[in-house]
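Trainee: Those sequence lines, one after another, are chains A and B. Heads up: the first sequence runs through residues 1 to 286, numbered per full-length UniProt numbering. Heads up: the second sequence runs through residues 1 to 286, numbered per full-length UniProt numbering.
Misleading hints may appear alongside valid ones.
Pairs involving identical chains hold if they fit within one copy or between any two copies, as the list cannot separate such chains.
To be verified - Pairs of lysine-lysine, DSBU-like flavour, derived with a Cα cap of 35 Å:
{"no.": "1", "residue 1": "Lys-23", "residue 2": "Lys-204"}
{"no.": "2", "residue 1": "Lys-178", "residue 2": "Lys-264"}
{"no.": "3", "residue 1": "Lys-62", "residue 2": "Lys-283"}
{"no.": "4", "residue 1": "Lys-38", "residue 2": "Lys-23"}
{"no.": "5", "residue 1": "Lys-23", "residue 2": "Lys-264"}
{"no.": "6", "residue 1": "Lys-160", "residue 2": "Lys-264"}
{"no.": "7", "residue 1": "Lys-204", "residue 2": "Lys-62"}
{"no.": "8", "residue 1": "Lys-62", "residue 2": "Lys-264"}
{"no.": "9", "residue 1": "Lys-38", "residue 2": "Lys-160"}
{"no.": "10", "residue 1": "Lys-283", "residue 2": "Lys-38"}
{"no.": "11", "residue 1": "Lys-38", "residue 2": "Lys-62"}
{"no.": "12", "residue 1": "Lys-129", "residue 2": "Lys-283"}
{"no.": "13", "residue 1": "Lys-23", "residue 2": "Lys-178"}
{"no.": "14", "residue 1": "Lys-178", "residue 2": "Lys-162"}
{"no.": "15", "residue 1": "Lys-264", "residue 2": "Lys-204"}
{"no.": "16", "residue 1": "Lys-204", "residue 2": "Lys-129"}
Read the hints as simulated data drawn from the structure, not as lab findings.
Number of protein chains: 2
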Amino acid sequence: MLIQRLTIIGVGLIGGSLARALKRVGACGEVIGCGRNKANLQHAIELGVIDRYDIDPARAVKDADMVVVAVPLGSMADLFATIREALSPEAIITDVGSAKASVVADAQQHLGQHFSRFVPGHPIAGTEKSGVEASFAELFENRRVILTPLAETLMAAHTKVKTLWTQTGADVVSMSVKHHDEVLAATSHLPHLLAYNLVFTLAKMEDRIEIFRFAAGGFRDFTRIASSDPCMWHDICLANREAILQALNQFNLDLNQLADAISKGNSQEIENIFTNAKTARDKFLG
Amino acid sequence: MLIQRLTIIGVGLIGGSLARALKRVGACGEVIGCGRNKANLQHAIELGVIDRYDIDPARAVKDADMVVVAVPLGSMADLFATIREALSPEAIITDVGSAKASVVADAQQHLGQHFSRFVPGHPIAGTEKSGVEASFAELFENRRVILTPLAETLMAAHTKVKTLWTQTGADVVSMSVKHHDEVLAATSHLPHLLAYNLVFTLAKMEDRIEIFRFAAGGFRDFTRIASSDPCMWHDICLANREAILQALNQFNLDLNQLADAISKGNSQEIENIFTNAKTARDKFLG
Numbered sequence: 001m002l003i004q005r006l007t008i009i010g011v012g013l014i015g016g017s018l019a020r021a022l023k024r025v026g027a028c029g030e031v032i033g034c035g036r037n038k039a040n041l042q043h044a045i046e047l048g049v050i051d052r053y054d055i056d057p058a059r060a061v062k063d064a065d066m067v068v069v070a071v072p073l074g075s076m077a078d079l080f081a082t083i084r085e086a087l088s089p090e091a092i093i094t095d096v097g098s099a100k101a102s103v104v105a106d107a108q109q110h111l112g113q114h115f116s117r118f119v120p121g122h123p124i125a126g127t128e129k130s131g132v133e134a135s136f137a138e139l140f141e142n143r144r145v146i147l148t149p150l151a152e153t154l155m156a157a158h159t160k161v162k163t164l165w166t167q168t169g170a171d172v173v174s175m176s177v178k179h180h181d182e183v184l185a186a187t188s189h190l191p192h193l194l195a196y197n198l199v200f201t202l203a204k205m206e207d208r209i210e211i212f213r214f215a216a217g218g219f220r221d222f223t224r225i226a227s228s229d230p231c232m233w234h235d236i237c238l239a240n241r242e243a244i245l246q247a248l249n250q251f252n253l254d255l256n257q258l259a260d261a262i263s264k265g266n267s268q269e270i271e272n273i274f275t276n277a278k279t280a281r282d283k284f285l286g
Numbered sequence: 001m002l003i004q005r006l007t008i009i010g011v012g013l014i015g016g017s018l019a020r021a022l023k024r025v026g027a028c029g030e031v032i033g034c035g036r037n038k039a040n041l042q043h044a045i046e047l048g049v050i051d052r053y054d055i056d057p058a059r060a061v062k063d064a065d066m067v068v069v070a071v072p073l074g075s076m077a078d079l080f081a082t083i084r085e086a087l088s089p090e091a092i093i094t095d096v097g098s099a100k101a102s103v104v105a106d107a108q109q110h111l112g113q114h115f116s117r118f119v120p121g122h123p124i125a126g127t128e129k130s131g132v133e134a135s136f137a138e139l140f141e142n143r144r145v146i147l148t149p150l151a152e153t154l155m156a157a158h159t160k161v162k163t164l165w166t167q168t169g170a171d172v173v174s175m176s177v178k179h180h181d182e183v184l185a186a187t188s189h190l191p192h193l194l195a196y197n198l199v200f201t202l203a204k205m206e207d208r209i210e211i212f213r214f215a216a217g218g219f220r221d222f223t224r225i226a227s228s229d230p231c232m233w234h235d236i237c238l239a240n241r242e243a244i245l246q247a248l249n250q251f252n253l254d255l256n257q258l259a260d261a262i263s264k265g266n267s268q269e270i271e272n273i274f275t276n277a278k279t280a281r282d283k284f285l286g
């Protein structure tokens, strides 16, 4: 069996789905859940997602050979500090955070001798829903999981975490921390900011009821990600702020140019932007 | 029968779907298509969308009791001027343009004595696809259609166009031209600009292949509208530029504030924006 005792800290959409996916293929023995909300953990047992739980992270990781940390980015440092002394000397630790530099810094500072067995990870999967109720075993099938191992990471730890994710049906790739954070700022973090900001702007307008009443399918799709968990996204914004602000800056330069073209009735420039965008989207995502 | 002879100028997604929907319920007799592309019109006959076609708009509207103009906004003025002399003195004319003030101005200037039988309209329906191949009879079911009749509009014309859309399964409402253009700038035109602009920005980045490779479902949904027809959206941007630039300006003020909050690590403000947005979206579109 790949994992004898798996501890999942943060049994929500991602942590819950991972437990379900690994149980389904018999890749793990006992699954211990950990979190701050007893009712949620009890519910996770009832759903068959975990076998038992402990709300004390130090007790929850005891004798676990694999620890998956699925808490918001802002809670990583404290969590690592809390489990450090309780971790087994062979335990492999991984996380599922949407930004990697901040987690790596937290782990380096707080995991001590366990740092070489820490493999930073990020499954590119999810929905706008959150919580263990929203979890399902198929979430990672044919999705990509990015691992960002460091020079100090033990090959064996990297291999085991890679195997773990492969068992869920995901396609696992590795890249540098910096590259991950830049790519995700562009494709995920920036779009979330824009969607949140658009809904925020419209919700303040006087005729907001009319506005949302006449929103069509395009608006619904465009703003779906604005229904994501605000706390999680607050943490991502701060954890990856440099790369996000850089991507936002490039976006704004182009947006100002587009606004200027519209204002001046510069047809050629407007069509150039729209046509380039459509061509790129159809080519890469069509 | 509601309509004896229906002429549809511009047999694409919207025009084609309208013809299909009206034929399905037997609401119209002969359907004449008109457009600049013979092959497309021939294809529309083969698909059973229209009965015959004429590429000359003046000939196409002859003896029609209902003329639906489904051409890009930038082509409206010329089209109205072209059909003016050929229109029957009883013909009712309507359009499906995404912005209304510009169409109304064009109609007022070029439709002459027919202006009182012109009913500006806008079905809030569509997909990112275009062309008659993408048309289907169910497109307008349970969707909203906005009519913006003017003080000069004949009640009988308004009623007939309202009935036409009701027959397609749509929910028809009326509002002022100005209100329509403001609401649509906020819920449709601005999101299209943002989606086009984001894909444009990312497509210029050096690691664009990686970026699109790691784009998840959220990005796919967010950018779906960037696959829309660039020419049509160019025309909308110019036709409704004032309302669009105003909505964009409000969006930018909020976005700058959000960027500032992220840059300064102002958690309370970030959470406030995200939570407000999520609450509004879940309430109005959830």
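Trainee: Just pull the numbers of the violated hints for me, sorted ascending.
Mentor: 1, 3, 5, 6, 7, 8
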